[in-house]
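Visitor: Spelled out, the chains give:
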Amino acid sequence: MENVATHEDWRVCFAEAAPGLVLFARQFVRSIADAEDIVQEAFVKFWRKQHPIENRALLFATVRSTALDLLRRDVRRARREASAYAAAEHSVAPPEFDAITESQQALAAAVDQLPAEQREVLVMKIWNELTFADIGTVLSISQNTAASRYRYALAALKKNLISHE
Amino acid sequence: MNDFSELEAELKAMRPAAPSATLLARVERELAERATATQTAGVLPRRRESRVNWFGLGLGLAAAAAFLLLARMKVDQPVQTHPPVIAAASAAPQSMDVVPRTLVPDGVTRVVYNTSDEGLVYPESSAEPVRRVRSRSRETLQWKDPGTGASLRVSYPTEEVEFIPISGQ
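Just so you know, the protein sequences line up as chains A and B, in that order. The first sequence begins at 1 in the working numbering and counts up one residue at a time. The second sequence begins at 1 in the working numbering and counts up one residue at a time.
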């Protein structure tokens, strides 16, 4: 399928998608600078292949693959990030959100407590508005599995918030 | 409406922080530079990459050649005949060379005995994720001598790794 997106289309596409992409990349690396590097590399790869600009599942799959590839490339980094990723199950630096209120801070902290596999589904669904079919494509899982992880994430968040009230 | 609609609304109200100001500029600059450097980037058709285990194939062919050579040497050797007593007065023993002994290809088989999907990978040479599928098989080449009915069979293992571009939709 030929892609007829113009340079301006790509620029606008990136400007709109960048915050969500960086947030998604931060699920793999803790550093914002690393996350931005991943997003830049992935988006340029995506553009070079002239994929349909609206194919967001492939864009997120590219970001995910780039992040995992980065982790594999540097052994020392991989060890550090892997341990950080594992530790992320329990404690991570909160994702950055604009104009966050006190209640939203509590919610962000609860999001950080989620298992990584639930959190990445939540990030793609809530802040990037991907469909479950798209999320399934990104993660190579079924649509139903993606939906289940999303529901588990919401249930866990609700339980967490109730317990702190 | 589900039980989580309120929670979802709260989450959606939180907007991810904007990335650094330089990120947009960096990407835009890179797109512009690469656009001028590679006008055809991205319009090349996707190709299905296939890598054959050349070492295994070469080893197998070398073994086949060795077998053929040995078979030929044995055929070319003068035959030590021990004529039976009743044939003592018969004609001189016939040389093996006068009998055409040629091995002709008789068959090729390839049996795939294992195929494993190794998931998505991101090769250096590709800008898109691809699925790596590894298949192991055994190829058998067979020759036959139509004159004597003798046959020669060479079998060797092969391993093939295919990189299949994934479809986004």
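Everything labelled a hint here was simulated from the structure, so no lab data went into it. Worth double-checking, as some hints may not be accurate.
What the hints assert, rightly or not - For the chain A half of the interface with chain B, some residues (derived, Cβ under 8 Å), not all of them:
1) 7
2) 17
3) 19
4) 22
5) 23
6) 36
7) 49
8) 104
9) 107
10) 127
11) 141
12) 158
13) 159
The structure displayed is predicted, hence computed values, not measured ones. We treat Cβ as the ideally placed atom computed from N, Cα and C, and that holds for glycine.
Visitor: None of the hints should be skipped; say for each whether it holds.
Guide: Hints and how they fare:
1. 7: holds, 7 Å
2. 17: violated, 10 Å
3. 19: holds, 4 Å
4. 22: holds, 5 Å
5. 23: holds, 4 Å
6. 36: Residue 36 of chain A check passes; min Cβ-Cβ to chain B is 5 Å, inside 8 Å.
7. 49: Holds, because the Cβ-Cβ distance from residue 49 of chain A to chain B comes to roughly 5 Å (cut-off 8 Å).
8. 104: holds, 5 Å
9. 107: With a closest approach of 6 Å, the residue 107 of chain A hint holds.
10. 127: holds, 5 Å
11. 141: violated, 12 Å
12. 158: holds, 6 Å
13. 159: violated, 11 Å
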